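Add chain B to chain A, keeping to what the hints say.
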Amino acid sequence: MSAAQLSARVIDNRPLTGGYFVLTFEAERPSAIAETIPGQFAMVRGAWGRDLLNPRAFSVLHAADARRFSILAKVFGRGTARLQVVEPGAPVTVTAPLGRGFRPPARGKTQLLVAGGVGLPPLHLQARVAAQAGIAGAVELLYGGRTRADLVLLEDLAAWDVRVTLTTEDGSAGERGFVTAPLERRLDEARARGEDVEVLACGPTPMLRAVQKIGLSRQVPTYLCLEEVMACGFGVCLGCAVPVYGPKPYRYCCTDGPVFDAREVRWS
Amino acid sequence: MSGVRVTATPVDPATVDMSCRFGQLTLKSPFLAASGCFAYGEQFAAFTDLRQLGGISTKGISPEPRHGNPLPRICETAAGMLNSIGLENVGVEVFVREKLPFLRDLGVSVWVNFFGVDFETYVDCARRLGAAPGVDALEMNISCPNIKKGGIEFGTVPEVAHRLTRACVEVTDAPIVVKLSPNAGDNVAMAQAVAEAGAHGVSLINTITGMAIDVRSRRPRIATTYGGLSGPAIKPIALRMVHQVAKALPDLPISGIGGVYTGEDALEFLMAGARCVQVGTACFAEPGAIVRITDELRALLGELGFASVAAAVGCLEPIEPEPPYASTRDRGAAR
Numbered sequence: 613m614s615a616a617q618l619s620a621r622v623i624d625n626r627p628l629t630g631g632y633f634v635l636t637f638e639a640e641r642p643s644a645i646a647e648t649i650p651g652q653f654a655m656v657r658g659a660w661g662r663d664l665l666n667p668r669a670f671s672v673l674h675a676a677d678a679r680r681f682s683i684l685a686k687v688f689g690r691g692t693a694r695l696q697v698v699e700p701g702a703p704v705t706v707t708a709p710l711g712r713g714f715r716p717p718a719r720g721k722t723q724l725l726v727a728g729g730v731g732l733p734p735l736h737l738q739a740r741v742a743a744q745a746g747i748a749g750a751v752e753l754l755y756g757g758r759t760r761a762d763l764v765l766l767e768d769l770a771a772w773d774v775r776v777t778l779t780t781e782d783g784s785a786g787e788r789g790f791v792t793a794p795l796e797r798r799l800d801e802a803r804a805r806g807e808d809v810e811v812l813a814c815g816p817t818p819m820l821r822a823v824q825k826i827g828l829s830r831q832v833p834t835y836l837c838l839e840e841v842m843a844c845g846f847g848v849c850l851g852c853a854v855p856v857y858g859p860k861p862y863r864y865c866c867t868d869g870p871v872f873d874a875r876e877v878r879w880s
Numbered sequence: 655m656s657g658v659r660v661t662a663t664p665v666d667p668a669t670v671d672m673s674c675r676f677g678q679l680t681l682k683s684p685f686l687a688a689s690g691c692f693a694y695g696e697q698f699a700a701f702t703d704l705r706q707l708g709g710i711s712t713k714g715i716s717p718e719p720r721h722g723n724p725l726p727r728i729c730e731t732a733a734g735m736l737n738s739i740g741l742e743n744v745g746v747e748v749f750v751r752e753k754l755p756f757l758r759d760l761g762v763s764v765w766v767n768f769f770g771v772d773f774e775t776y777v778d779c780a781r782r783l784g785a786a787p788g789v790d791a792l793e794m795n796i797s798c799p800n801i802k803k804g805g806i807e808f809g810t811v812p813e814v815a816h817r818l819t820r821a822c823v824e825v826t827d828a829p830i831v832v833k834l835s836p837n838a839g840d841n842v843a844m845a846q847a848v849a850e851a852g853a854h855g856v857s858l859i860n861t862i863t864g865m866a867i868d869v870r871s872r873r874p875r876i877a878t879t880y881g882g883l884s885g886p887a888i889k890p891i892a893l894r895m896v897h898q899v900a901k902a903l904p905d906l907p908i909s910g911i912g913g914v915y916t917g918e919d920a921l922e923f924l925m926a927g928a929r930c931v932q933v934g935t936a937c938f939a940e941p942g943a944i945v946r947i948t949d950e951l952r953a954l955l956g957e958l959g960f961a962s963v964a965a966a967v968g969c970l971e972p973i974e975p976e977p978p979y980a981s982t983r984d985r986g987a988a989r
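The listed protein sequences correspond, in order, to chains A and B.
Just add 612 to the spot in the first sequence (first one is 1) and you have our numbering.
Just add 654 to the spot in the second sequence (first one is 1) and you have our numbering.
Extracted from the complex, chain A is given alone in its bound form:
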């Protein structure tokens, strides 16, 4: 499967709660986007001329077919602020699908999908893949946000019959606190039952560091989907280096990741 540079148009810009929005694009021509593996990403840039020169990396939320796909975003800086207000019909340049995604869900093994805030898309897509394969029971989503409004697209998960555990820092939905608390309980429970589990996580760095620690201390296979600033997204600019343990000091978020084995990632 190979990535392509695509000319596309915005066909929908759907606001959600908490400042989140889902952008749906339609590319001029079909590509491998429909085969996106959860965790793979798209570099997206509007027709912004010479300013905001670098495209922005977004995890693919969903690819309905070979031309239509969506991302989930929230305003973070100037690029996302522009994307928030794009109207249907607006042209964008997209390079996708890029990077290496999560391993697929499998019967007989439980994948605990740990999402924090804007880190939802790859795990949402992983849940979709499991549901479409008829193994929704092979995944469970543990999803944390600051407040109730930060937890979005829950209706999809309900429709797919995926088990969901919610946490909020203010207690406005689900359990009060961080998503790592139910993760620890669930892993303890899995160990007691001799259940085969692995952890797939995406979210803010503090959350990922905590998940790494929890997963590694329990010797549970743990995979982290990282986010780094990138200029290209396909291994050329070398801006998105990730410090790792091993013979080389760095690997690259865009081509070696964005999904990494938690044992590799060396946070300072």
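For the record, the hints were derived by calculation from the structure and aren't laboratory data.
On a predicted model such as this, the values are computed, not experimentally measured, just so you know.
Facing chain B, from chain A, some residues (calculated, C-beta under 10 Å):
1. Ala615
2. Gln617
3. Gly661
4. Arg690
5. Cys844
6. Gly847
7. Leu850
8. Pro855
9. Pro861
Over the 12 Å line for every Cβ pair with chain B, so calculated as not near, a few chain A residues:
10. Arg719
11. Gly746
12. Gly749
13. Asp773
14. Ala802
15. Asp808
For glycine and all other residues, C-beta sits at the position ideal for the given N, C-alpha and C.
Relative to chain A, chain B alone:
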């Protein structure tokens, strides 16, 4: 005055001769991918037809592999970006064995950008790379702002650049194109020094040293504090420097670099006196940028009545009288 338009009979774009002569080198198009923005070419094969390029300047190669700088390494700025990658590369041996064959088979001009950490390693690198089959030119980087120890005087002191260029020219038959630093005081003096040492041509400009600050964390936005600014933000400076060198040294081939984003940008460089043009940062945002820009230049040349790329080179007409600051050397002499 500036509203005067040159009227010329349009030419069918399909008939415009896009070939390019850069001294003894002939390129099928005036566009090269700029060093550091195209890696070793392979990553772009999925996105664009590499055979439509005039050439590729590789990621800078050093005698030994390098791992690069700490993070963060890049940040976006107004109409551009800062980088401090740290000249990470696979080293001469791996480059020649694993990367060069792909480039050689493309049928485009292969310029291998290289550097050393001191005088001896520069010469060693030139000798080994120049002997490799399929290398059309060596682009000697004496101007990267991201290498710490020594090095800086290679790119800023004409006598030192002269000695280094001469030493490299003596160990290889491959033409050497010296990539000059915009951070040097006097590019005309630098260009003259390397030309007299036997350089085949010059590339200018490399990135301009700059910085950006995150006021909330009170920290520089890149780990090394300063980095190289690239992108459309630097184009006016690059054009000025190309023009100064072209005026002073009309026989020295110049490869113009700096923020090219459209065919019109490229034509500005040609008119200022560049024989070919390199496209860098635009390739990140748009891997197919060079093919688009080539099409745009072809259409524009036709519209403006140029039958060839060569006809546009150096055709800039001054608003009289020619400004005394066209060359910094003239300015120095006038004081």
